[in-house]
Amino acid sequence: MTNVYVHGIGMTKFGTLTSSLKELLLEASAEALIDAGRPKIDAVFVGNFMGGSIANQEILGAIVANELGLGYIPSTKVEGACASGGIAFRQGLLGIMSGEYETVLVAGVEKMKHATTPDVTQAINAAMDTTTNEKYAGLTFPGFFGVLANRYFHETGATKEHLARVALKNRQNAVNNPLAQFVKPASLEEIMGARMITDPLGLFDCSPMTDGASAIVISRKKSPIHVKASSQVSGPTKMQDAANLLSLPAIGESGRLAYEKAGVGPEDIDVVEIHDCFSMTEIIATEELGFFNPLEGWKAIEEGRTQVTGDKPVNTSGGLLSRGHPIGATGIAQIYQLVRQLRGNAANQLEKTPRLALAQNLGGTGSYSTVHILERV
Amino acid sequence: MKIYSCCGKESITKKYFCSECGKSEFEEKEVSDSGTVYSFTKIHIAPAEFADIAPYNVVLVDLDEADAKVTTRIEEDVKIGDKVNLDRIENDAYIYKRVS
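Those protein sequences? They're chains A and B, same order as listed. Just so it is clear: in the first sequence, position 304 is 304 by this note's numbering, and no numbers are missing. Just so it is clear: in the second sequence, position 33 is 33 by this note's numbering, and no numbers are missing.
Only chain A is shown next, with the shape it has when bound in the complex:
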């Protein structure tokens, strides 16, 4: 129990946008403040990964406080690679739980599409330990998940088609989400035949470069949506040091902690947003979070269990793969989608309005993971 409640949410369209990093950040933040009824904000946390390296813009916290007229309040930028948003959200929660703040604005933002793919790939590589023999061998961030996928295929009955089915499901969900980056339908054949990024992961297996922002207002004051649990852990930073390559222990451990704090189990969760930075990652995460047995997540895909109509709907927003992945915004965008599911007005709204929702945000190749469990009260 955090006794912290969600009061407002905001999110820009995700995709290739003309707005600047600052404009995106302010648009999502203003929307969340208006949705919350313009409460007095005591602190700001902003999740962002490459504002400095790609957009040459830091001091994002102060920009929000200043441009939105929030006064002389504390503000902080939080970096945790692709988990920057989830970690920023958790920092906001902890600030309220400590008693220091009553109401906090948390935002996440990234501006990537103006840069070239090699430059962004290089910048994203900063999310690995860059002074190791792995980096010198040329391992990339997607490459890690390619190595993992080939081993997963070797040890299970999974094939490239199972990965494609993850991408297909998330695309089908995104088609119904007006804020998603990719709203054009794709076929299984198109996904299977797309150009290779890092074998066996093709274009549709990899989350895209995206511009976008999302924001949320949380408070000690009550609202119909309670943040039931928050957890965060660190995991291995090198592929060669993984005790078991087919397990991302940061995800499993953050899930275990969150369930323990919430007093619930994976079977109680009604709707899920997990960090599908790659199609392979979604399958592993569904196993680590206890929704399916280890090395059996691919079977759940085959059986349609993670579809909107399945018993464990995963990524009803379209996920990172098709909603888009503006790195710092992703963790907050996951919570945005879950809040709308709990409010009953989401894209791909579940037929029976969910009560418990889980968001899992991953940073690096399993270096950071956050889990948040939200409850409709």
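Worth flagging that the hints you see were computed from the coordinates, not collected in a lab. There's no promise every hint is true.
What the hints assert, rightly or not - Computed list of lysine to any residue pairs in SDA-like fashion (alpha-carbon distance at most 20 Å, straight line):
| id | chain 1 | residue 1 | chain 2 | residue 2 |
| --- | --- | --- | --- | --- |
| 1 | B | K42 | A | M192 |
| 2 | A | K135 | B | E90 |
| 3 | A | K40 | A | K13 |
| 4 | B | K9 | B | K29 |
| 5 | A | K135 | B | P55 |
| 6 | A | K160 | B | I45 |
On the provided structure of chain A, position chain B as indicated by the hints.
Just chain B now, with coordinates in the frame of chain A:
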């Protein structure tokens, strides 16, 4: 290949402290470079600094004489289970080759 070990965990890199016992006295031993392909990927989309050699294979090699793995680059295509050995160290990268 030098292996650092403590509390039953072996690695080719040395950490400051052992995550089990907290001590910093890692045992060091020299083992053969030879190993078996554990998994691999062929990287087509490379970062700027490796763009000139793409596509290239990054291969996770399970060392034969230690419970440790090493991330390598191999010029030829390999599959899981292939026997490989160190060819050279180039720009601090382990370049392996298949044992024919």
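Right, here's what the structure says about each hint:
no., hint, result
1, K42/B - M192/A, "holds (17 Å)"
2, K135/A - E90/B, "holds (12 Å)"
3, K40/A - K13/A, "violated (26 Å)"
4, K9/B - K29/B, "holds (13 Å)"
5, K135/A - P55/B, "holds (16 Å)"
6, K160/A - I45/B, "holds (19 Å)"
Taken one by one, the earlier hints fail for this structure only at number 3.
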